[in-house]
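Colleague: Generate coordinates for the entire structure from the input sequences, incorporating the hints supplied.
From first to last, the protein sequence lines stand for chains A and B.
Following my numbering, the numbering of the first sequence begins with 300 at its first residue and continues without gaps.
Following my numbering, the numbering of the second sequence begins with 1327 at its first residue and continues without gaps.
Think of the hints as simulated: they come from the structure by calculation, not from any bench.
Ideal Cβ placement from N, Cα and C applies to all residues, glycine included.
A few of these clues could be false.
[Stated by the list, open to error] Derived, one-sided and incomplete: chain A residues facing chain B with beta-carbon distance under 7 Å:
| no. | residue |
| --- | --- |
| 1 | Phe536 |
| 2 | Trp608 |
| 3 | Leu611 |
| 4 | Ala614 |
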Amino acid sequence: MKRPILLACVLVLLPAGMRAQQPEPRKESQEERLKALEERVKVLEAVIAELRTARGPATEAALVAGAEMLPPTPAATAVATVGSPPQGAAAAQLPTYGGASSAAKVLNPDISVIGDFLGSAGRNNVRSVPSLEMHETEVGFQAIIDPYARGDVFISFGQEGVELEEGYLTFTSLPKGFVAKVGKMRAAFGKVNTLHNHNLQWTDRPLVTENLVDGEEGISDAGFSVSHILPAPKGIFLEGTAQVYRGISGDLFSAPGKKDVAFVGNLRGYKDLTEATNLDLGFSYARGHNDAGPELTTSLYGIDATLRWRPLRRAIYHSFLARAELIWSQREQLPVTQKAFGFYTSAEYRLNRRWTVGGRFDRSGQAQDAGLTDNGFSALLTYWPSEFSQIRGQYRFARYAGGQDANELRFQFLFVLGAHGAHPF
Amino acid sequence: MNSHCVRFAIIFMAACVLAVAYPRSADSAEKLKVITSTTDLAALAQEIGGDRVEVQSIARGYQDPHFVEAKPSFLLQLRRADLLVVVGLQLEIGWLPPLVTRCGNPKIQPGAPGYFDSSQFAQILEIPTVQVTRAMGDVHPLGNPHYWLDPQNGLRIGQGIAQKLSEMSPGDAVYFAERLRSFQQRIADAEKRWDEQMKPYRGRKVVTYHRSWPNLATRFGLNVMDYVEPRAGIPPSPAHLVQLIGMMKRENVKVILVEPYFDLKTPNSVAAQTGAQVVVLLPSVGGEKEVTDYFKLFDYDVNLLVRAFQAAR
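Modeller: Encoded structure:
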């Protein structure tokens, strides 16, 4: 056992000893070697740079029909010189993710977490909210599933537990320009109903949404959706969407039987008035069974209009958005059908890169007693430390039917972790 | 299901039939329709595609490509596109994915033959080698996406586009190859001119607003000392500006490069305190009316830089 160890020690120490015994090289020869090494490093750097440039189709350019006339690029020459294996060229076309270990994560979905912390001071005896609450934590998973579809799943962790906020499959490659969705999703009814809490312009939802469209939950159900861009005069975008749902959406729709499905339809028109200004109009319809009795239904009709202004050269500094949404509810119940109407109008202006001011006026009848009307208004101030966090304050006044007034000061902290999501439009 | 449901279904089906039967113009069938996310890629696609393609860009040249709004009107362009050319490296992550998902065009979905990620063909700088966090600002974890600001990358992207167009329209492959060769020759000639103009100013120190210029700076030997933004996408703080002004005085930095979509108030204030000049350099074709193609972009920027450095003597 000792002999091999001794031999190894001798082999290791011998070259060191030999080096120690050698006379010191002259200064000139050291400089020469240094220069030679520098030259070699430069050559290697050049080769590496060329190899990096060869990630493109340089080596494949010659395959292009007629491209044999192209002179070979240095990159292609470099690749040929170093004799990369054939699969090397294909691998070189993949984006560089920074390290081999991260390659294993490439196929994982984009994961994001959005926290929504709410605070409230003041008095509201009709719709009381906690003084402080981690209102919602939304975890999103989004990925392309296969060449035909993508998946989006949003799980909401709130004060009342965990729920699937949305989870749907979008078929992106259907023939004839159709786009279909299957799963649980927020229905395409108006604007507010389609938006998650963190995409709203306010810390709350308007009274008309609370009274007629089941508030925060809204029309959100399992079902399927088909949409298609419709022909329209030049420059006008027109899209039709038809959706069928199981028929259970909070207090709004209930489906005693399998045949009691709910329907939602939306027609959206959009036009760029100038490159900075555009107008967005929507007409919506929803119908489903309610809990007032067998065969009794609730129908909702909605109109929404949005005017946006955002100068392209200063898009991150200034913008203006005005929106109105009008909703008519027709709820069949005994002894008489209730026909309620409500609306909100809102506006917001971005003062600079970090500050936005806004306001909203609310008025809405109540779905089950159309004679009762609630009114309110809000003033808002929003601060954006970065694109990934937001601090918002809202003063909210409401005069509920029966004369009860509510004065509240609400504040909200929103924060985003993980994948960079798309900006809502 | 009752009569309401039947009526609803009939109306929707009728609309769908109408939509499917909607005729397309005769011209659209002849040319390949290319949609690009930015004007620079549109300019490159036009260089290679010539009159065999119809090219449109979603973003304008004077617009911040990070913050384009996902307007529904873009869906009208995307739904008829044969080829979508994107910058990639997450530059368009905030607006393009929902448009592509919603456009109902299978040809340009990610992974489909009509989806072309230009970053695959370019030399990418500033690829992070350490763990990336948002504490660094809105960083691009796959590398700096402003890579088209090196003419050599323009050439590489042009080669990629020629290959793609040839695959999509094999009958025009010789035409595209010829145009590519012409483009290569003109780039080579132009590069000599730009190099000559910039030669006296290699190594000059500059400050830029955003990290838009690593490729341009590397190509022409500019030395980017710092940024007006303390971190990508984060507005400058007073403390950072004090530090920046100190550095500029110390290092004698006399030029601040700003993209056309950033407010000039802060750069002007820094310039006033350091004796520097603010130069609104264009990162994209179409940033000004006269900058109508890829060559004019570099002509414009190089001329501006030369004038700025001459004035800073």
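Colleague: Could you run down the list of hints and mark each one as holding or not?
Modeller: Hint by hint, here is what the structure shows:
Interface hint status for phenylalanine 536 of chain A: upheld, as the beta-carbon distance to the closest one in chain B is roughly 4 Å, under 7 Å. A hinted interface residue such as tryptophan 608 of chain A counts as satisfied when its beta carbon comes closer than 7 Å to some beta carbon of chain B; here the least separation is about 11 Å, so the hint is violated. Evaluation of the leucine 611 of chain A hint against chain B yields a held restraint, the C-beta minimum of about 4 Å falling below 7 Å. Taking 7 Å as the C-beta cut-off, the interface hint given for alanine 614 of chain A holds, the closest approach to chain B being about 5 Å.
The structure is inconsistent with hint 2 alone, although it conforms to all the rest.
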